[in-house]
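J.: Anchor point for the sequence shown: position 139 equals 139 in our numbering, and the numbering is continuous, going up by one each time.
Check before you lean on any hint, since a few could be wrong.
Said to hold, decoys possible - FRET-style restraints, in silico, Cβ to Cβ:
| hint | residue 1 | residue 2 | range |
| --- | --- | --- | --- |
| 1 | A43 | R129 | 16 to 24 Å |
| 2 | A25 | A64 | 12 to 20 Å |
| 3 | K105 | E140 | 48 to 56 Å |
It should be emphasised that the hints constitute simulated quantities derived from the structure, not laboratory data.
Nothing here was measured: the structure is a model prediction, and the numbers come from that model.
Note that CB positions come from ideal geometry on N, CA and C, so glycine has one too.
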Amino acid sequence: MDGLNQLVEWGVIGLLFALSVWALAVALERFAFYRRLQPADYATRVELEVALTRRLTVIGTVAANAPYIGLLGTVLGIMLTFQSMGASGDMDVKSIMTGLALALKATAMGLLVAIPCVALNNALRRRVRERLAEFDAAKERAGG
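Let's have the full structure, built from the sequences with the hints guiding it.
T.: And the structure:
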């Protein structure tokens, strides 16, 4: 049973780590793209908006789902703790609390991934709005 506990714990934490690395890579790529972007290179606002918002859903999806992945790890950890206690007949408070504390680690990790992803998503979406406003202002100046 201990092996299954480890598999659940490290599987969830590993998945959350992989998702956080993926979201961070996308965020860094997007920030670099926004820095070198020349809005004048785009003929229409729609083309610019498509380029600006490419892959932002990755960060939003990770932000939205990381807490649920962590919660799944917690639920599985609690189930394994109760199953282990039931199988051994051991109702020691120390073992119960230790098992529950370890199970809650997955939820904490999910939140640790989600909160920065929400902040990154908001920062990137703000930058999109700014670049679109710059594009609109430049088109107005050129047309008027």
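J.: Determine whether the Cβ-Cβ distance between A43 and R129 falls within the hinted range of 16 to 24 Å.
T.: 20 Å, holds
J.: Is the gap between the beta carbons of K105 and E140 within 48 to 56 Å?
T.: Holds, at about 53 Å.
J.: Against the range 12 to 20 Å, how does the distance between the Cβ atoms of A25 and A64 compare: consistent or not?
T.: 18 Å, holds
The structure agrees with every numbered hint stated previously.
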